[in-house]
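Enquirer: Chain by chain, the residues:
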Amino acid sequence: METVSTIGSRGGGKETVSTQPKLLVALYCRDYSRHTEQTYCQWVFPHENLCVSAKTGEQERHYVDDSIVQRARIYAFTILLVSALILSGCAPGPSGTIIEPDPEDISRIKKVGLCVKVQKGFAVRLGYVSNADRHWLEQMLVDNLGRFLGSLAYGGPLGWVSEHSSDRNAGEALKPEAAPVDSAEAIGRALLRKFQTDKIFPAVDLVQSQSLAAAKEHGIDTLFILTVRRWGLRPPLASKYATGDKAAAQLELGANHRLISSATGKVLWERNELYTDSECYSLGDFKSKNKKGLLARRMWYVLQLICDRTSNEVHRTP
Amino acid sequence: MKLKRVIGFIILCVLYLLLCAGCASNGEMKVALNYTPSGTGLLSALKPSVVSLRVVDQRPEEQRNNIGVQRNTVLGTENAAIVSKTPEVQVVHKALKAELERSGHRVLNPGQGYGEITVDVELTQFLIDSKAMREHIEIVGSIRADVVAFANTGNVPQVLFTVEGFYSDFVQMGWSRPIIFGGLWGMFSSSTRKSHIEKVLNGTLAEFVRLFCIEQKLRKVFI
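From first to last, the protein sequence lines stand for chains G and W. Taking this note's numbering, I'd label the letters of the first sequence as residues 1 to 318. Taking this note's numbering, I'd label the letters of the second sequence as residues 1001 to 1223.
Treat the hints as calculated values from the structure; they're not laboratory data. Small disclaimer: the values here were computed from a predicted structure and weren't measured. Heads up, some of the hints might be wrong.
Claimed, not checked - Think about it this way: if two alpha-carbon atoms lie no more than 25 Å apart in a straight line, the pair counts; the simulated SDA-like pairs of lysine to any residue are:
1. G/Lys-110 with G/Asn-290
2. W/Lys-1217 with G/Pro-101
3. W/Lys-1217 with G/Ile-99
Claimed, not checked - Rough simulated footprint, nothing fancy, chain W against chain G, three-plus residues with beta-carbon under 8 Å:
4. 94-107
5. 127-133
6. 293-304
Unchecked claim - Computed footprint of chain G on chain W; a stretch qualifies when at least three of its residues, placed anywhere within it, have a C-beta under 8 Å from a C-beta of chain G:
7. 1098-1109
8. 1137-1150
9. 1207-1214
Where is the CB? At the ideal position from N, CA and C, for every residue including glycine.
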């Protein structure tokens, strides 16, 4: 209780203030009138210690040692900080239409620039917690530190995890199969062909940049931006999680579509979409040489679905 | 004194268990599904018609008992089976009927005769599931149906199409039950909440109705 100090106040006089431990004592030195009757009170707030009340200056029973309170505060703060850091990643919003298309705006479209961005390439997410969804920091720790420790310890647990994630290995094995559709350029070309065949817009051209000014220069009045947030294999809904070649797998594609006017910058239509293939296969089917090209074929199907839905969304025949 | 402390400890344990009692699975979770329309009717721009609407269950046997599983958010183990309070076929029929009527069309139930347009909906999938996506849990709902629609008058050919309504939303992993009550055990045993599951299923239903209504093939039948 030697933490009481005196400092000069603005008025020139002196007033007594408590430093942190003293404040804590004041907080916890309340008189619990029924503490002698209720056992739990004594158990939770043991009162073996004595202290001086900050308010009255009288000696009282002290229910909690101030060092415990301080420690608890530090722990609580650390837990909150760590939790905030761990959970700081913003949750993506729900799927569905964010901005409804206005038929008048849509009818004015003459030429559309199709721009495709791929945020995350092909990945296998068959485990409940998949290797593919790790943060860059986790990924770096598991990959680099894990391999380093693993090599030091000849197969340490981290190294083992980084080398033997079933999803990771399956993803690596399927990379050649996914290659024909695993780039912004390939998806863009496929989508362009479908947009042109189905005549969704009067004229469509593939563009590399999302720049509205560049689009305007090329005579493009509207940009259609497709951002592939993730694509790959996931377990079918409500199925048991399994590993190995017999595990059931479905193709999924999570994407954001935006239709932006290059003249005004106005977003004419925006939608977050999750496409899941209607057909279900085993992981072995996608790897099998007998079914070569299966993954790419299912991807074309999903791209066709994007095309059909875009057509339905923007052209609502009255 | 020792006895008092033991009693106190027991009281605390009981309190703790009471606080965490909701974590235990009862094997089945019943959810209420409702279609809540928003904005103007999606088919209101079309000519008002009398529609015969029929919804048939064509799902595989194993999908008819429950529509998904409630999982523990951190470990992903199955906690309870999700069951709809109202049969799924009725839910879909009610939702489509509500949207058609909101758009100014009259809907005839099976057995009430034939209207100007007949719409047969074969429900092939009605599912929900959750999966870890980094520090979030993604809950995904899916309703899929094959639709046959034709006009009983005029020369409009019969149309056949598939409607696949998906909806996904995210919740924080392990935070559906406050950690202060359950500690680490509470975090690991926490499961996706009923309110989240209902939100996603109702979102999926709304998405299904929306995709059904904006389908160009269907709209051509109304002209």
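Enquirer: So, for every hint listed, does it hold in this structure?
Expert: Results of checking the hints against the structure:
1. Annotation: proposed proximity of G/Lys-110 to G/Asn-290 is violated, straight-line Cα distance about 45 Å (limit 25 Å).
2. Only pairs whose Cα atoms come within 25 Å are accepted, and W/Lys-1217 paired with G/Pro-101 is accepted, the gap being roughly 19 Å.
3. Restraint check for W/Lys-1217 and G/Ile-99: satisfied, since their Cα atoms lie roughly 23 Å apart, inside the 25 Å limit.
4. Residues of the region 94-107 of chain G lying with their CB closer than 8 Å to a CB of chain W number 5, which satisfies the three-residue condition for coverage.
5. Given as covered by chain W, the region 127-133 of chain G passes the check, having 4 residues with a CB less than 8 Å from a CB of that chain where 3 are the minimum.
6. As drawn, the region 293-304 of chain G meets chain W at 0 residues by the rule of a beta-carbon pair under 8 Å; below three, the given contact is violated.
7. With 0 residues carrying a beta carbon less than 8 Å from a beta carbon of chain G, the region 1098-1109 of chain W misses the three-residue requirement, and the given coverage is violated.
8. Only residues whose C-beta sits within less than 8 Å of a C-beta in chain G count toward coverage, and the region 1137-1150 of chain W has 3 of them, enough to reach three; the restraint holds.
9. Requiring three or more residues with a Cβ within less than 8 Å of a Cβ of chain G, the coverage given for the region 1207-1214 of chain W holds, as 4 such residues are present.
The structure shown violates the earlier hints numbered 1, 6, 7.
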